[in-house]
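From just these sequences and the hints, can you work out the full model?
6 protein chains.
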Amino acid sequence: MFFHRKELQYEAKPERPDPVFARKLQEVLGGQYGEMTIFMQYLFQGWSLRGNEKYKDLLMDIGTEEIAHVELLATLIARLLDGSVYEQEKASSDPTINAILSGSNPQHAIVHGLGASPKDSVGVPWNAGYIIASGNLLADFRANLNAESQGRLQVARLYGMTDDQGVKDALAFLVARDTMHQNQWIASIRDLESKEGVVTPSTFPANIEPSEHSHTLYNCSEGEESSKLDWLKMPAPDGSQFKYEQGRPFGGIPKLEPASPKAHDTLPMEDIQGDNNA
Amino acid sequence: MFFHRKELQYEAKPERPDPVFARKLQEVLGGQYGEMTIFMQYLFQGWSLRGNEKYKDLLMDIGTEEIAHVELLATLIARLLDGSVYEQEKASSDPTINAILSGSNPQHAIVHGLGASPKDSVGVPWNAGYIIASGNLLADFRANLNAESQGRLQVARLYGMTDDQGVKDALAFLVARDTMHQNQWIASIRDLESKEGVVTPSTFPANIEPSEHSHTLYNCSEGEESSKLDWLKMPAPDGSQFKYEQGRPFGGIPKLEPASPKAHDTLPMEDIQGDNNA
Amino acid sequence: MFFHRKELQYEAKPERPDPVFARKLQEVLGGQYGEMTIFMQYLFQGWSLRGNEKYKDLLMDIGTEEIAHVELLATLIARLLDGSVYEQEKASSDPTINAILSGSNPQHAIVHGLGASPKDSVGVPWNAGYIIASGNLLADFRANLNAESQGRLQVARLYGMTDDQGVKDALAFLVARDTMHQNQWIASIRDLESKEGVVTPSTFPANIEPSEHSHTLYNCSEGEESSKLDWLKMPAPDGSQFKYEQGRPFGGIPKLEPASPKAHDTLPMEDIQGDNNA
Amino acid sequence: MFFHRKELQYEAKPERPDPVFARKLQEVLGGQYGEMTIFMQYLFQGWSLRGNEKYKDLLMDIGTEEIAHVELLATLIARLLDGSVYEQEKASSDPTINAILSGSNPQHAIVHGLGASPKDSVGVPWNAGYIIASGNLLADFRANLNAESQGRLQVARLYGMTDDQGVKDALAFLVARDTMHQNQWIASIRDLESKEGVVTPSTFPANIEPSEHSHTLYNCSEGEESSKLDWLKMPAPDGSQFKYEQGRPFGGIPKLEPASPKAHDTLPMEDIQGDNNA
Amino acid sequence: MFFHRKELQYEAKPERPDPVFARKLQEVLGGQYGEMTIFMQYLFQGWSLRGNEKYKDLLMDIGTEEIAHVELLATLIARLLDGSVYEQEKASSDPTINAILSGSNPQHAIVHGLGASPKDSVGVPWNAGYIIASGNLLADFRANLNAESQGRLQVARLYGMTDDQGVKDALAFLVARDTMHQNQWIASIRDLESKEGVVTPSTFPANIEPSEHSHTLYNCSEGEESSKLDWLKMPAPDGSQFKYEQGRPFGGIPKLEPASPKAHDTLPMEDIQGDNNA
Amino acid sequence: MFFHRKELQYEAKPERPDPVFARKLQEVLGGQYGEMTIFMQYLFQGWSLRGNEKYKDLLMDIGTEEIAHVELLATLIARLLDGSVYEQEKASSDPTINAILSGSNPQHAIVHGLGASPKDSVGVPWNAGYIIASGNLLADFRANLNAESQGRLQVARLYGMTDDQGVKDALAFLVARDTMHQNQWIASIRDLESKEGVVTPSTFPANIEPSEHSHTLYNCSEGEESSKLDWLKMPAPDGSQFKYEQGRPFGGIPKLEPASPKAHDTLPMEDIQGDNNA
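Taken in sequence, the protein lines are chains A, B, C, D, E and F.
By the count of the UniProt record's numbering, the first sequence reaches residue 278 at its end, each step adding exactly one.
By the count of the UniProt record's numbering, the second sequence reaches residue 278 at its end, each step adding exactly one.
By the count of the UniProt record's numbering, the third sequence reaches residue 278 at its end, each step adding exactly one.
By the count of the UniProt record's numbering, the fourth sequence reaches residue 278 at its end, each step adding exactly one.
By the count of the UniProt record's numbering, the fifth sequence reaches residue 278 at its end, each step adding exactly one.
By the count of the UniProt record's numbering, the sixth sequence reaches residue 278 at its end, each step adding exactly one.
Calculated directly from the structure, the hints in this document are not laboratory data.
Some clues are possibly wrong.
Given that identical chains are not distinguished, each listed pair holds provided it fits within a single copy or across any two copies.
To be verified - In silico SDA-like pairs for lysine to any residue, Cα to Cα no more than 20 Å straight-line:
1. 168 - 242
2. 6 - 258
3. 195 - 237
4. 54 - 193
5. 168 - 16
6. 233 - 51
7. 54 - 268
8. 6 - 250
9. 243 - 231
Here it is, written out as structure tokens:
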């Protein structure tokens, strides 16, 4: 069960309105790796966890914190939208206003009445196809580390795209939290890898895998630059030995059976004016 | 530029048709972590890479190989759909046929004429919101490691859900390739981390981050199980020291400015019957 | 900022596993009017509100409570998935198991490892196109009343589709909460209507509207049953008088200008072999 | 069955081309609450209605009229796109043209050849996840009242964002129709509420609901501003009495059972190097 | 402007309820090539047409007729859902009921109260990404011919999947209409091709195209079966001569420039611990 | 199985960066008729083909070539993004930079680090709902001809929107390939039509169709311009005779049965306060 405190986790006070930057900030609120993705992913992982209470508690800690990051960004965006983006009349004579109007998100004005939107920087709605909760912690912590890496990268880029110190301050806080969360998932991954091994799921019996394919880099593109990667000569992370081979087929040329006449597929050509079975 | 050889990378010969399993296999063809995701993600990463030719070559090697995995699965699914799923007439008297019809994907029959579909196991079309190419290799290799982890997990689960040895054999091949690809991305990540450090992007100046927030686990959920995770007492992966604190706000209570009248938002209540500005 | 308590808002203990019903329950978790919609809609409305602190507090109260409803349903679904849905081998001989397998969601097994999914009962991912936060409270409270009406209707239908008393008990709790929330939004709507009038936005100047069209029911379909609705003879809710007229055009037949040659649209026929301007 | 007359329901003649405003108008054609939503929602409700012929006729009246609103907007947009948006060459020297090009929708030029698009103002395609037809008229009329409220709000905002009198005239007509439709759905809702009661569905037996939860506002957020809402002291719309209480859990802490080994979920930690069951 | 007549264009009377077939029929109502696609595509093409009034009238004729096909299918589906799909209690003992419940669409029961849904046979909502209106009639009539071809194919398959004579009768009517519409678009395409030539758009100046690439089939896959297609030896439809060549690159190996440091992309490896520019 | 060569199929060298045009080019990479659509559609058709090896080989030839077109466009876009789009600071004083920033895609900067995106020109992700593989070659070749027609039209429009000779050169190559592919699919369609007849699927027995509806143009819109189309007087492409009639209903007025009480639908009004069955 959840409870809300009114204070923001961190200040969200731009120096001045900037509807163009408001549009860009939507990416880290409602984009593929925005805070909506992060909090939903952690909460669903936590709710589905079967045992492993320390990690469940960690997921609930961070998932709950991340809702506050959506709140922080929604507040920041609303304030960047203060003032008016409705002043179309003056557009033809003032190029600065023109550019602002052209670069802003029309839905902030038309749909949301100057509030944040649960969408990304181009206006695509957030969807749950962005998140994962698989029940396997090592797989999911890798998803989490990726999400925090992409997220920190995007915030860092946005940091360099504004000179509003209020916005920069809030973004620096989010960068710092992502520093923590990258560290945390790396540490958690190392913990699990030390117990299970590095290849997940660890519970798939090794003897079933065809071992000639499990450590070979198949060169399917022209050139052999990839063969010069240093780690290819070192033991693989799971202790086996990497191999490097030219990509080639191990199967034959597939020939599919003709379809049932009820499919109304194209018949093999010799039969094409054949019988009708509706 | 690309070229096609007719042979499959690996055999795809089920022992018998099974339209219900064909539906399930769609998940690893066209789902969030299906082979369409994998090959698209690697190719886009490769095409956008600026420098680092060894890794570009690696991405093209694997991205190109993965198209063949879509091909393998599309062939496997088409063969599992041999025979007819159009026999509705007998449904009421034979419960086994009923169950097959109920558990199969109606689009395999109606839309695809017994061919594979670029969709997941419930019929949701694949979309590019599943993939990422950020221009930052460490971030993207973490995305790749996650994708191979989720993919291997899903194939392992499917392996346990069939007793068709032909299908199992093809799935075991895919598991082995994912073993390789997990090893490969782990090795690549270690390579980059050794050069850049573990927190990505490494190019964001450390002095900008508020350090009191960059290594603290904020406990935002009841209970302190998370404080007992062993790694919390150890140095963080980037060499700093983790801290554990009770979550609390660092910002104030946000009060937003009233909207422009042109927004037609609800006015603050005292003014609610005020002037009209259309 | 948000905090989590570990106890559920209400018990979520099915009497027995039922993966088929687990699939159906997904509708009220991640469907168009599922709890994900409800909590997101209220939080975004609250975060964007400019003034009107009582209603902001109300929105945060209920939005925060509704996250707990997602938690409750995620727990219920996970428990309905206890036991195994991986037993394909026995399928052909036991029709009851067949039906269970056919009626369950394959992603619960393949993707989520027996956890809940942020998707609806057919597997379509939740997306933010379901929610609205417009900045106009009367418009949004009507959205909220609709959401609670559709939500209660769906839970009531699900209640009649199971005889598991544990599930029924949890669903009855959700029905009761929706009873409260319908009452609450009706009361809030009446409050705003008494201050602003019933037509929203109230700030659009009445004299701009062409009054001959603002209270007329145009009969655009054969038959006049609609003219017999009792309320047509009564004053309209905003105090005007309804009229009933046969639908007819007030505009002319539109003729569009030819496109720029740069559009490469089909030219008007007489000119169709005309000049080329690329 | 449907028939088309060539005249528009209302004139759609802009004074001059304006591709930037054409993009914005797309919101009320193909957005979440655009006319495509409105007409589809009414038609599906009408087609599915079982009895209640007066309301069925009303739904068909309005649903059919609303197709003409899409037609009106499609014509308006096509005319706003007259002239050329293909003149990229002059872009660097003329800031007004630059702004027009930057603020216009590239798909109007590239995909649609200067015609309207079935998408919203940022280019997201209309989808049927926006509409509802539940079979329950009270629930659906609330959806309809919401749709007409959001729609009128968006048109009112657009009215204030242009000074083209031809466009303003057409928008004022749409505002007037939404005035009618808000009145009409309010009247219809009052009619149904007077027969069924205000809580929908009315057919769920009251004695099943846990009454301690059906009229209580749980305060789940800091502060008690919400307790001061006047209507809390008045009888609830369904005649019961509202209560105000601090939010608290009524359930316990959930502990989920371990997953079947076939799930390949992470095992509880003590067992993590345990047996393999593929 | 549109008007509605109450009679269906054709009867829609199943002999008996069949919720499993109701689910399948959704494909031709709300799927990629369902009637929603057809009517929307024709109306948008008609509304955007600039000149060519005969074809505009044709598009409005057919577009308007096709709304009636949605109506027909919605009625058929509602009647196939008569009776109850809510009888879960008896499921474990009666395999026929089990199969019906498993094969039906849960949203028909939970969301739509036994009405049709604007979605396809697996429950994916219809979206406007399925349709096209380009302003170029030859291009669009080819889209229309494709849509009628896929549509007739899907209806023909469904015809073979039921033995309900009432359903078969309605489907045969739809097949007949698609026969007409295929003939009509073929005739229209021939008309336009005779005026413009077969390659669209005809207004792109031929001298700009590199002619060595405009009639060559590049063999990019192993084997030369494609070279034996009879038409390769005949003049191409536009009068030129086909050629057959081995696929090969005409460009060089692309090397991209390093990114701006503000991108925080991975730097070329030699520089990877270089300067920070946030 | 697939292999990659490093050279591009054609050069992709813009004269200068142009992030605004980079955004527009995304349409033909990741839009509805972009190259992602083309290559996926051909590969899925090829993989599913049952017999007809010449056409299978043709599909694999072209499908494989088209991956190289995505590669070409991805390279072109990356180069158009050279230089920096991160320079927000100067925005207010330099209108040319303003327009560039406003007209560019923010995700190129924030998400992709100056690489191409698998999305269209407004940022909507590519999805598999754009493609078709039906198993019926005539239907699918019509889909292919449409795709090449729309694709060539879009590239031709883009050609007229830039004056960068390097970009124009690459686009002219793509136009030429689409010329080939239109010719090729027309020739293939004629081949199949000569064997099967023009109406697809040809295997649906003609005697089942109600012939009075299979060649009649129903005039469902005001005016008879459509009756003057020349081809109406000529034999239909399948050899029958077209007819022209006023649209009219052949079915009756549908009355649906009341729903099961378990649906909680609105009851017919006389019964509306009736019994409760949850």
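Hints numbered earlier in the text: which of these fail when held up against the supplied structure? Structure breaks hints 1, 6.
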